[in-house]
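Protein chains in written order, with our numbering: chain A, 1 to 343; chain B, 1 to 453.
The set of hints was computed from the structure by calculation and includes no laboratory data. Every value quoted in this text rests on a predicted model; they were computed, and no experiment measured them.
Simulated pairs of lysine to aspartate or glutamate, EDC-like, Cα-Cα distance not exceeding 16 Å: (1) B:Lys-330 with A:Asp-70; (2) B:Lys-285 with A:Glu-180; (3) B:Lys-285 with A:Asp-171; (4) B:Lys-339 with A:Asp-70; (5) B:Lys-342 with A:Asp-70; (6) A:Lys-69 with B:Asp-417; (7) A:Lys-68 with B:Asp-417; (8) A:Lys-77 with B:Asp-417; (9) A:Lys-150 with B:Asp-62; (10) B:Lys-93 with B:Glu-381; (11) B:Lys-334 with A:Asp-70; (12) A:Lys-69 with B:Glu-338.
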Amino acid sequence: MDAILLQILNGLDKGSAYALIALGLTLIFGTLGVVNFAHGALFMIGAFCAVTLQKVLTLSTISIDPEKKDFLGQPLKVETPYVHNWFGEATGSSIIEWSVPLAILFAIPVMMAVGYAMERGLIRHFYNRPHADQILVTFGLAIVLQEIVKYFFGANPIQTPAPDTVSGSIDIGLMFGFAENAIIYPIWRLVYFAFAFAIIGAVFAFLRFTTFGMVIRAGMSDRETVGLLGINIDKRFTFMFGIAAAVAGLAGVMYGPINPPNYHMGMDFLVLSFVVVVVGGMGSLPGAVLAGFLLGILESIASTAWATTMIPGINQIIIYLVAIIVLLTRPRGLMGRKGVMEE
Amino acid sequence: MSSFTPNRRSLLKGGVALGAGVAAPTIFTGQSWAASHAYTNAPQGGSVTLGFNVPQTGPYADEGADELLAQQLAVEHLNGMGDGGCLNTFSSKALKGNGILGKKVEFVTGDTQTKSDAARASAKSMIEKDGAIMINGGSSSGVAVAVQGLCQEAGVIFMAGLTHANDTTGKDRKANGFRHFFNAYMSAAALAPVLEAELGADRRAYHLTADYNWGWTQEESIVASTQAMGWETVNTVKTPLASTDFSSYITPVLNSGADVLVLNHYGGNMVNSLSNAIQFDLLNKQVNGKDFKIVVPLYSELMAAGAGENIKGVLGSMNYNWQLDNEGSKQFVKSFGEKYGKPPSNSAQTCYAQVLLYADACERAGTFNPCGVVAALEGFEFDGLGNGKTLYRADDHQCFKDVLVVRGAQNPTTAYDTLEIVNVTPAEQVTYAPNNPLFGGDEASLGTCNPGA
Numbered sequence: 001m002d003a004i005l006l007q008i009l010n011g012l013d014k015g016s017a018y019a020l021i022a023l024g025l026t027l028i029f030g031t032l033g034v035v036n037f038a039h040g041a042l043f044m045i046g047a048f049c050a051v052t053l054q055k056v057l058t059l060s061t062i063s064i065d066p067e068k069k070d071f072l073g074q075p076l077k078v079e080t081p082y083v084h085n086w087f088g089e090a091t092g093s094s095i096i097e098w099s100v101p102l103a104i105l106f107a108i109p110v111m112m113a114v115g116y117a118m119e120r121g122l123i124r125h126f127y128n129r130p131h132a133d134q135i136l137v138t139f140g141l142a143i144v145l146q147e148i149v150k151y152f153f154g155a156n157p158i159q160t161p162a163p164d165t166v167s168g169s170i171d172i173g174l175m176f177g178f179a180e181n182a183i184i185y186p187i188w189r190l191v192y193f194a195f196a197f198a199i200i201g202a203v204f205a206f207l208r209f210t211t212f213g214m215v216i217r218a219g220m221s222d223r224e225t226v227g228l229l230g231i232n233i234d235k236r237f238t239f240m241f242g243i244a245a246a247v248a249g250l251a252g253v254m255y256g257p258i259n260p261p262n263y264h265m266g267m268d269f270l271v272l273s274f275v276v277v278v279v280g281g282m283g284s285l286p287g288a289v290l291a292g293f294l295l296g297i298l299e300s301i302a303s304t305a306w307a308t309t310m311i312p313g314i315n316q317i318i319i320y321l322v323a324i325i326v327l328l329t330r331p332r333g334l335m336g337r338k339g340v341m342e343e
Numbered sequence: 001m002s003s004f005t006p007n008r009r010s011l012l013k014g015g016v017a018l019g020a021g022v023a024a025p026t027i028f029t030g031q032s033w034a035a036s037h038a039y040t041n042a043p044q045g046g047s048v049t050l051g052f053n054v055p056q057t058g059p060y061a062d063e064g065a066d067e068l069l070a071q072q073l074a075v076e077h078l079n080g081m082g083d084g085g086c087l088n089t090f091s092s093k094a095l096k097g098n099g100i101l102g103k104k105v106e107f108v109t110g111d112t113q114t115k116s117d118a119a120r121a122s123a124k125s126m127i128e129k130d131g132a133i134m135i136n137g138g139s140s141s142g143v144a145v146a147v148q149g150l151c152q153e154a155g156v157i158f159m160a161g162l163t164h165a166n167d168t169t170g171k172d173r174k175a176n177g178f179r180h181f182f183n184a185y186m187s188a189a190a191l192a193p194v195l196e197a198e199l200g201a202d203r204r205a206y207h208l209t210a211d212y213n214w215g216w217t218q219e220e221s222i223v224a225s226t227q228a229m230g231w232e233t234v235n236t237v238k239t240p241l242a243s244t245d246f247s248s249y250i251t252p253v254l255n256s257g258a259d260v261l262v263l264n265h266y267g268g269n270m271v272n273s274l275s276n277a278i279q280f281d282l283l284n285k286q287v288n289g290k291d292f293k294i295v296v297p298l299y300s301e302l303m304a305a306g307a308g309e310n311i312k313g314v315l316g317s318m319n320y321n322w323q324l325d326n327e328g329s330k331q332f333v334k335s336f337g338e339k340y341g342k343p344p345s346n347s348a349q350t351c352y353a354q355v356l357l358y359a360d361a362c363e364r365a366g367t368f369n370p371c372g373v374v375a376a377l378e379g380f381e382f383d384g385l386g387n388g389k390t391l392y393r394a395d396d397h398q399c400f401k402d403v404l405v406v407r408g409a410q411n412p413t414t415a416y417d418t419l420e421i422v423n424v425t426p427a428e429q430v431t432y433a434p435n436n437p438l439f440g441g442d443e444a445s446l447g448t449c450n451p452g453a
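Isolated chain B, as found in the complex:
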């Protein structure tokens, strides 16, 4: 039999233990601790909340509005409403139209303003105040990288929207982040064979590049792939992101000896630089005995609409186009078109696919725990969401699928067929090694998944 004799040391130990117990939040001592704090924002009750972080103000507000329409449609289909959309064509049959893991899907929205700090703030608010368990959307790589980092720290999944810079799944890749959209390397790899076939291997290219991360990676990728097929790069000129009039950058092209102008611009930059190039009659010029050509490596439907007739004959690439002829695409266009009266843009399609892919991963994993979702998405092969057969590569969380090479149509019949598909480049041709130097090389690492809490 032992007897308890209080002394200074045992009193101190007891005091510390008691203090810690009193100081700990009551939720740690509750019965639901394991269920609610195994991971951040574990759904309570009968619903689960997703956070849609899209540009609702600023220059990409129209693109953000289109993303939001697609996200709302995805939620509708997940909850068993509407015509079911791509749940009918998706190769995985885990989704039943009864929410996710039996919980009704609800959503909150945030405004990225296409500014990294604003996007982080709105994502943070959705995670901390609204209990969002997954963040999806966005129209810029700067935003994607910033929000992806935040989601990694917070322990929620980030399903990127439109982000095209190599870095998102390159040097800035994160275990909790996934990109369905294609990237600058893929654009270059898809465009190069078409450019060679249509323009020849003996060309001199002049690059105008938006002076920020996406522009640099786009230029780097296109220069590498065109030089590999024999093109010469005459000059690469960086243009300030805030530029509105590109005449002073276009005029040096006229007498540079270049016979191809590559516009590594997006959004308003691209609309203005292409319009300016057309004003200077570049497409009617003959240089080095060849017709002068313009290439816009990354197209979007909204940019095409903004550029109007100026895009006629101009080659570029896209992640998706509603004219794609496969069952998943047809179903998505039908669902989206009947509900909203217009075909979906490629940013809308990527957001729709991402929401469904997240939901499906939860179902297959049997949990909302981010680490379970990560494991379910890594190496996942699927079809029926509009892009054909697709792989979510485990090494970098990048989707590998066919890439579209498109051209501004000469005689569009409606506002929606201003771009025509020239080539569907097979996924194998745009696939690269996970340690490709353009993607951070051997240094790049996903790290480990973070469940948060």
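Isolated chain A (complex conformation):
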């Protein structure tokens, strides 16, 4: 029982990342009708916003310590971050330690700007082209973006640790009446789940309870009619592209302490996120979220020893197996709408 609960928690955690990426993908598909294969790259750029902020905060002055030697036997160059000089060592260290949460504030405008530039600079030229063209151009863009990141940051993963106060694990089993040490879980992964839940809630609330969101929903249902009412729906859809980019970026920022960012991390999530969108139903935002969490949980449970012993290799195929079963039984996905991608 404890083992299953732990795997469900792992699944919710993985599902959080899948759901956030799939949510952005669905928003873009639902508003602009574009199949965006560069969305994984936006997740990766978000993670590198945290890396960049960490590097900025650790920019240092260099002094020579004659007492210590470097690897060549020369006096050691000691780096002291500027924030230590400006705010004192204790406060400066705290600022650096909190670079990932602080990166959220940094990433929102950066990611919206990246999304805006992507949509205006490239993707809008492909609105009236076949989906195959859109896939090719956005996949190419994803490769260009990851090579740019690799050029500046290298191919090696870069640690972006969580602040000390939310590092380590807690015994959450005790809170729910389980024995001591039965369900120990990393705090940051719980933070990630809560964060994903908040972001998903905020996006749904924005679409549901604001006038802007109402127009977007109307545009997603019938773009032409909304246009005939004199509303510049394209401008609003461009803004939604920026929102989708920011959602993917924030998912990336917060993912850094779970697995250190590297230039390829977007590609690792891309295919899975598309499967999530298809299983959830093309164009369905609740479907994307539901499928994200569902597939995350199934993937985790399929990785357990008893599952792999019973069906060897199930951990590698479970997501695709579920996709096949769902598409055979519900061709529009779990919550897909009639008429989307069916012309």
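Position chain B against the provided structure of chain A, taking the given hints into account.
Then chain B, alone, in the frame of chain A:
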């Protein structure tokens, strides 16, 4: 006196002979036939071309970049430039800094992408288009085995870079291929005594293993050596190579009764699995009345950098570390450090040593002919390249030398001393029989050297 009377048979014979003569490439009939076609890519003119096949793109691009820096440094030293590097400390004095056999050393590079097919294609291109006479480099055993096979067929020498699977000089060994880097068996043999001394002989180990050839041989070797000293193996779980989040593989460890986690992972897999294990506070746990421990059998400097503070206290093994205190190592670190501003990685050192060893073998053999080079390298004992006394064993073309057991440092002062040397395991302790079952047993054979052409 005989007279020539043409008949149908003699006309046919003459026709065949004439046809064969016309059809043969003119180079077969040229005066240089013996010189240029005694072996593949025999150097013409005043230079000789080496092929450096390293990952320039993909997840190991940084490791490949480091290898390339070392290879360029080796070429510089062979051509008499720079400070001469390990030519000053190498026990063989055949190299004079005037190239190889008086020919200036030039090089071409290829991108393995850490994919076997891409690595073969780039090596093939360097051999066929650029005339490379030796291929060196790489960061994966899959790549090494694939390129080694190609070099054997093409008739050029392969001086492997970073490849740690037993198979490279085990069941897949080839006469034209040589490995300076250590292997999974050696890691296990070096680690076992240290693990016993530090963790005791009564431990229960849980293995997470990358599900491909290198992972399997690593797991097999560590299981064999730890069980031999009394450890119990609780479970061995294969993880897909494409895994990024290992939480679902780590959580079963928590309640498995294991008190040691062995991560048979490399590169990004290792960085992520170790980071995940630390997130679950494994190193702060007590199981069976003992402190829980994590072991990473194969370390590299880049992995240590990627894993950051998570490696503190974690034991592993290495082929080389710049902190080694011998004349060859000091000289290499000086040459590399002064030129590039950082100490060399163990993949850089193995590539540097391999280039020098190849050049030296050519000098001692007096030829670039691969069969001459093979004969010169087989059974060659040397020192002064950074690892101490080393033997290139004739039976399998594997180098035997001391193996380092290292641990993540608790208080590193710079980005370069994140690993500290715990033990230098003597070569004798990691030596095994050429027909060891883990290396293909009696079936494994080098075959014969192929000069190509």
